[in-house]
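Peer 1: Quick mapping for you: the protein sequence lines, in order, are chains A and B. The numbering of the first sequence is this note's numbering, which starts it at 1 and goes up by one. The numbering of the second sequence is this note's numbering, which starts it at 1 and goes up by one.
I should point out that these hints are in silico values taken from the structure, not numbers from a laboratory. Just so you know, even glycine gets a beta-carbon here, dropped at the ideal spot from N, CA and C. Be aware that one or more of the hints could be misleading.
Claimed, not checked - Looking from chain B toward chain A, a few residues come up when the C-beta cut is under 7 Å (computed):
| # | residue |
| --- | --- |
| 1 | V191 |
| 2 | A195 |
| 3 | A216 |
As the list claims (entries may be wrong) - Label-pair distances were calculated between CB atoms; the ranges are:
| # | chain 1 | residue 1 | chain 2 | residue 2 | range |
| --- | --- | --- | --- | --- | --- |
| 4 | B | D62 | A | L205 | 50 to 60 Å |
| 5 | B | T57 | A | L289 | 46 to 56 Å |
| 6 | A | P51 | B | L301 | 52 to 62 Å |
| 7 | A | F34 | B | I13 | 57 to 67 Å |
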Amino acid sequence: MAKLMPKRRLENIGLGITGACVALVAIVVIALIFMVAQQGLTTFFVDGIDPIEFLTGQHWIPEQDTYGALPMIVGSFAVTLLSTLFALPIAIGSAMFVVEVAPGFGKRVFQPFIELLVGIPSVVYGVLGLYIINSLMRSIFGEAAGTGAGILSGAIVLAVMILPTITTLSIDALRAVPNQYREGSYALGCTRWQTIWHVVLKSALPSLMTAVILGMTRAFGETLAVQMVIGGVERSMPSGLLDPASTLTAALTAGLSNATSGSVYYHALWSLGLILLAMSLVFILIIHLIGKKGAKDNG
Amino acid sequence: MANRDLTAHVKRIGSQDKIATGILTAIVAVVMALVVAIIAYIIVRGGGRALTPGFLTNTPTDDILPGIVYQLWDSFYLLLVTLVISVPISLGAAIFLVEYAPDNWITSAASTAIETLSSLPSIVVGMFGSLFFVVTLGWGISILAGACALTMFNIPILVRTIQQALEDVPRSQRDAALAMGLTRWETTLNVLLPAAMPAIVTGIVISAGRVFGEAAALIFTAGSAPARLNFANPFNFASPTCPFNIFRPACSLAVYIWRLTSEPTEGSTEIVWGTACVLIVCVLLFNLLARVLGKFLARRLTAE
Numbered sequence: 001m002a003k004l005m006p007k008r009r010l011e012n013i014g015l016g017i018t019g020a021c022v023a024l025v026a027i028v029v030i031a032l033i034f035m036v037a038q039q040g041l042t043t044f045f046v047d048g049i050d051p052i053e054f055l056t057g058q059h060w061i062p063e064q065d066t067y068g069a070l071p072m073i074v075g076s077f078a079v080t081l082l083s084t085l086f087a088l089p090i091a092i093g094s095a096m097f098v099v100e101v102a103p104g105f106g107k108r109v110f111q112p113f114i115e116l117l118v119g120i121p122s123v124v125y126g127v128l129g130l131y132i133i134n135s136l137m138r139s140i141f142g143e144a145a146g147t148g149a150g151i152l153s154g155a156i157v158l159a160v161m162i163l164p165t166i167t168t169l170s171i172d173a174l175r176a177v178p179n180q181y182r183e184g185s186y187a188l189g190c191t192r193w194q195t196i197w198h199v200v201l202k203s204a205l206p207s208l209m210t211a212v213i214l215g216m217t218r219a220f221g222e223t224l225a226v227q228m229v230i231g232g233v234e235r236s237m238p239s240g241l242l243d244p245a246s247t248l249t250a251a252l253t254a255g256l257s258n259a260t261s262g263s264v265y266y267h268a269l270w271s272l273g274l275i276l277l278a279m280s281l282v283f284i285l286i287i288h289l290i291g292k293k294g295a296k297d298n299g
Numbered sequence: 001m002a003n004r005d006l007t008a009h010v011k012r013i014g015s016q017d018k019i020a021t022g023i024l025t026a027i028v029a030v031v032m033a034l035v036v037a038i039i040a041y042i043i044v045r046g047g048g049r050a051l052t053p054g055f056l057t058n059t060p061t062d063d064i065l066p067g068i069v070y071q072l073w074d075s076f077y078l079l080l081v082t083l084v085i086s087v088p089i090s091l092g093a094a095i096f097l098v099e100y101a102p103d104n105w106i107t108s109a110a111s112t113a114i115e116t117l118s119s120l121p122s123i124v125v126g127m128f129g130s131l132f133f134v135v136t137l138g139w140g141i142s143i144l145a146g147a148c149a150l151t152m153f154n155i156p157i158l159v160r161t162i163q164q165a166l167e168d169v170p171r172s173q174r175d176a177a178l179a180m181g182l183t184r185w186e187t188t189l190n191v192l193l194p195a196a197m198p199a200i201v202t203g204i205v206i207s208a209g210r211v212f213g214e215a216a217a218l219i220f221t222a223g224s225a226p227a228r229l230n231f232a233n234p235f236n237f238a239s240p241t242c243p244f245n246i247f248r249p250a251c252s253l254a255v256y257i258w259r260l261t262s263e264p265t266e267g268s269t270e271i272v273w274g275t276a277c278v279l280i281v282c283v284l285l286f287n288l289l290a291r292v293l294g295k296f297l298a299r300r301l302t303a304e
């Protein structure tokens, strides 16, 4: 027995050290949520701004104490949805090619290639967008594009940024489809395209949806690249895709350095942060619900 | 009649199949061309400036050729401090989740917390850091605060890769070690970690590449003002010009690019492209290093 005790102590030390690491991470996350909520809610409870007005107000003019977050909320959703729309067909198409048409090429060449895109820092995408996409917009749309900065430019840059995320996850999703499904379909005389379209895509649908949501999460939270190309106009609602606009993240980046801590403006910015936080929690919830539903459908 | 229809149908689905394959091939070709174009453009556009002698070694205030030596140093130093903080924590957390985690609400709460962290926008992490690390803990705008913010951004990536690496160790190795009477802790240290080491090291280097280019979390924690460093006297740790001082503000390459594009000055466009080129080359080198190191370690550990 005496010899066994140190072993048990060793086990407890291991459990203690690793458990402490997990606890630390959890505490930091809880502290973050708590702090953002506390600062963000101060706007409504202490500074007396009506939350409904904050969410639906169409003008964000801090100098006049007008805080309406709708332009940024609309901006964020617009770039997120547009970029997903651009990236989705390309991502799913490449995933189909990689998994169904040329698996060897996909694993050896295509996947390392697309992973290079993940590694490119967000500011570099911003620089590319600022100097290339924006001037492209100017030469395509002429006067209507203004400086070229706007929702469309932001969405194009974001589409390239979320392309690798959606592609990689879609590849995993399609690969996870059991081979018997394909063989069954081929045995019935279906062509490869029929198999992909009617069998593989259908059975991978829940995982594909997860891939899309994760891509949207990334687009929604992306900061500097968007801020550099979208123009940063949060005073009023954007009226078109070529209009300079702003997103929640862009407004935060631009505003936080000017706001003095403790001011109404500062708290209003934290409220924007709170909206961002709430949205990323919603995205996580959606992913969990899809996962649960998928598990239920497959028994 | 029916026979004719069938032939037509077969023909139709056959050509549909060919068209679809053609479109898919075209999509993949376009994506690969896009990747090559992006990287080639940055390297060609900024390469000239990046290779100009002095760009990597001059100070940003140099009159003739402003360089990026401070930013380059700060980027690597921030990365080092971040890894020193985040690797042990991620390793511990991953080991707990794979080896010890009891199947209860605490574990699922912990993994939900890590998942939440991974989907948080980096600017929210930066905001939190600017209040918690900078003000509440009183570190000021500093490398330490920046590294902690980067750690929050890095932990979910690292935990996931390390978890994956540990789970990929064959079940039989774990069972054998436990059957010999080793505790789980000894099994982890002596059997699982060495076996998973190549994958872990690869994961760390890849995450280093991501951290290296991150800027949004740094602007309000480590600052965006270019530091003035004094490399001649590196051991006066309290001095704000000491390169190793972790309580001084710092400006990384990525933050520097952001700052120059939001406040353009005379000739800053060239510096932006040059810096972007240096940044991309560093990230690509991290990618390459991850592959080479992973292969080398795998051969080393399996040969024995």
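Peer 1: Please flag the earlier hints that this structure goes against, numbers listed from lowest up.
Peer 2: 1 and 2
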